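Work out the full structure, taking the sequences as your base and the hints as a guide.
One letter stands for each residue in the lines below.
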Amino acid sequence: MLGRGLKRKLSDYEENMAGLSSAFDSSRSLPYPLKRQLVLNMCLTKLQTYKMLVEPNLHRSVLIANTVRQIQEEMRQESSQQPVNICPGIAAAAASHSYTGMESPGIPLQLPSGVGQQESHCCDLRSVEDPIENSLLIVSDDDMSSAISSILKDLDFVEDISPPTCMVPTGDDQPKFPENTGLKLEDDRQDLKGAECVFGSFEISNSTSYLKDLAIDDIFEDIDTSMYDSDFCCPPLMPPRSPSLATEEPLKTFPSCNSSSANNIQICRTDLSELDHIMEILVGS
Amino acid sequence: FLGAGGGNDIQWCFSQVKGAVDDDVAEADIISTVEFNHSGELLATGDKGGRVVIFQQEQENKTQSHSRGEYNVYSTFQSHEPEFDYLKSLEIEEKINKIRWLPQKNAAQFLLSTNDKTIKLWKISERDKRPEGYNLKEEDGRYRDPTTVTTLRVSSSQSLKADFSSSSPSPWLWEKLPLHILNFFFDYETYLSADDLRINLWHLEITDRSFNIVDIKPANMEELTEVITAAEFHPHHCNVFVYSSSKGTIRLCDMRASALCDRHSKLFEEPEDPSNRSFFSEIISSISDVKFSHSGRYMMTRDYLSVKIWDLNMENRPVETYQVHEYLRSKLCSLYENDCIFDKFECCWNGSDRQVEFLIVMTGSYNNFFRMFDRNTKRDITLEASRENNKPRTVLKPRKVCASGKRKKDEISVDSLDFNKKILHTAWHPKENIIAVATTNNLYIFQDKMN
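Going down the list, the protein sequences come from chains A and B. Under the numbering used here, residue 505 is the last one in the first sequence; the count climbs by one each step, no gaps. Under the numbering used here, residue 456 is the last one in the second sequence; the count climbs by one each step, no gaps.
Hints listed in this document are in silico derivations from the structure and should not be mistaken for laboratory results. A quick note: this is a predicted structure, and the numbers were derived from the prediction, not measured. There may be inaccurate statements among the hints.
What the hints assert, rightly or not - Derived list of chain B stretches under chain A, where covered just means 3 residues or more per stretch with a C-beta under 8 angstroms from a C-beta of chain A:
no.: 1; region: 227 to 240
no.: 2; region: 281 to 295
no.: 3; region: 331 to 340
A virtual CB, placed ideally from N, CA and C, is assigned to each residue, including glycine.
So this is what it looks like as structure tokens:
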């Protein structure tokens, strides 16, 4: 389902993350803001992965979203304090002693939260950060909220509601739902819109989109499509889905995945790279 | 006896193992639930392939008084099939999430089994024990010598008695949340089912609808920060049930207070220990199982790293906390990365007996280890479910994990633990010291060493 290029990239990424997680766990000298950023990136990756799953897991999504909120809240509190430009290494070393130490007003910090600052690390951190650098990507809040909201949106559908019945309760209270059915549907329709920005309170400073970096450019950069014209037929990469889903669920990996025939070429590109490879073998070049 | 007083700790011995020997685990064979029936004579497992396998304990052999009867396959049937929801282009998993037995009323046995979507009531009945057909033939079809037939194998059949469709009409749009909780009311006619956001009440005789008693879906989805993780009825008090959450809280509700129990009567929550705070604090506080003690005075909860015993009269903290695998606390990031941090371990009490309160609790861990905590002596033990220890009546050797520092002989270091070998499901025979422990695709049965 995913293009080979993407799969390779993802598994590299996963290996990287596994290595970084053990670095997180075992290293005491890993600066706190880097640890936090690492966790944040892991959370966002997971949410994005869950979005691509057929059956999203609400329990995990909620737990991860809460973790993200917690981190964001902390970052917000810090950036609202009087900023002092301390070398991140020193600041982080001071902070890494304890989690609660971060909130102490005695340690004002300017933490690297923007992408510009990612490049300018203190030299004493370089050895730690080099492996981490590639994965310290900041995610736009659009990606974030759409990742989470689409999981929850998928769980909502309006089509198969029929009038409810229920057992008559023995207590005096009437059950909540029968008479409110009509209203409830309305409310939930509006909830769908609300669900579009379910965790809309997430605000992360904008910079390069994680997904843009990972998915689109990397899949297509190697492929020279000049040889192929629009007459080339190949099966779509994604399995056929019901039309309503195709419009509801933004497929981030293949943003051009729609019924337009011109765009079928883009969908087929990964298949074409395999063809390319086979051709090379056959031709013997 | 049951480890009660006098420090007679139970010595566990391997008894049997069921399942494929291969290291390659077939996905369908992954065991997803284990449950003894009320007498302990039957032991049911459900798997990811939607099958239910029921084992029956053989009557005790008088000549072999030092061991209890073995469990042998009694019935196997396909409880749930995969379904395809065309509207959402989604497959509904056939994996059995829970099995709950009804008490035996006559010759037949009944159980409820559920997958993500549908709860089914099965009747398992026996044919008469007469020498005929299946008793007279070997497995390859040849006739046996009648003089060698010493025991009669019984064939059992199952019939689907009822299908409780959870897609019964409901105003809630969140129909697709998987059902993962199922528990009986003490009348064994009413039961509850629960998904992440709702708890519904069912009656065995009413198959097309249920009564919603808890709904935590917020009006504004942005506010969703907590889901339901487990729910159970109180064993004795009518109308009382508890449910746990992903934030580590347990709410006790009384259905007499209102039809829709959105207000709890009690809220059990332990304040966080600031010295243990980490990015993963909330995730590891999520409760994966809740079990009342048989007296109903206590309840036990399982979160990622510990088992807690709560006194129903004390809401602000548990009365006891047992660390299952505290050495994992320093590995949380890696466990988060590989999703192990979301593993849902169950826990169970030892079987009820006429004596006082439950004294031993059991839960699973990684590397096919499982742990027991004796509430009386405060001692704990780690055992391993492995085919290497498979000599019957050989006492299992306690295992030990070396958290840091120099590893002693026979200890295993944390980094060597196999996190793919997890014991999520365990069950304790209701009356005897027999336990069933499920590894990924094998079922182990252990018994105490009878003297």
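Structure-based check of all given hints:
Residue count for the region 227 to 240 of chain B with a Cβ under 8 angstroms from a Cβ of chain A: 6. That meets the three needed, and the coverage hint holds. Counting residues of the region 281 to 295 of chain B whose beta carbon lies closer than 8 angstroms to any beta carbon of chain A gives 7, which meets the minimum of three for the stated coverage. For the region 331 to 340 of chain B, the assignment as covered by chain A holds, since 5 residues bring a beta-carbon within under 8 angstroms of that chain's beta-carbons and 3 suffice.
Violated hints for the displayed structure: none, as all numbered hints are satisfied.
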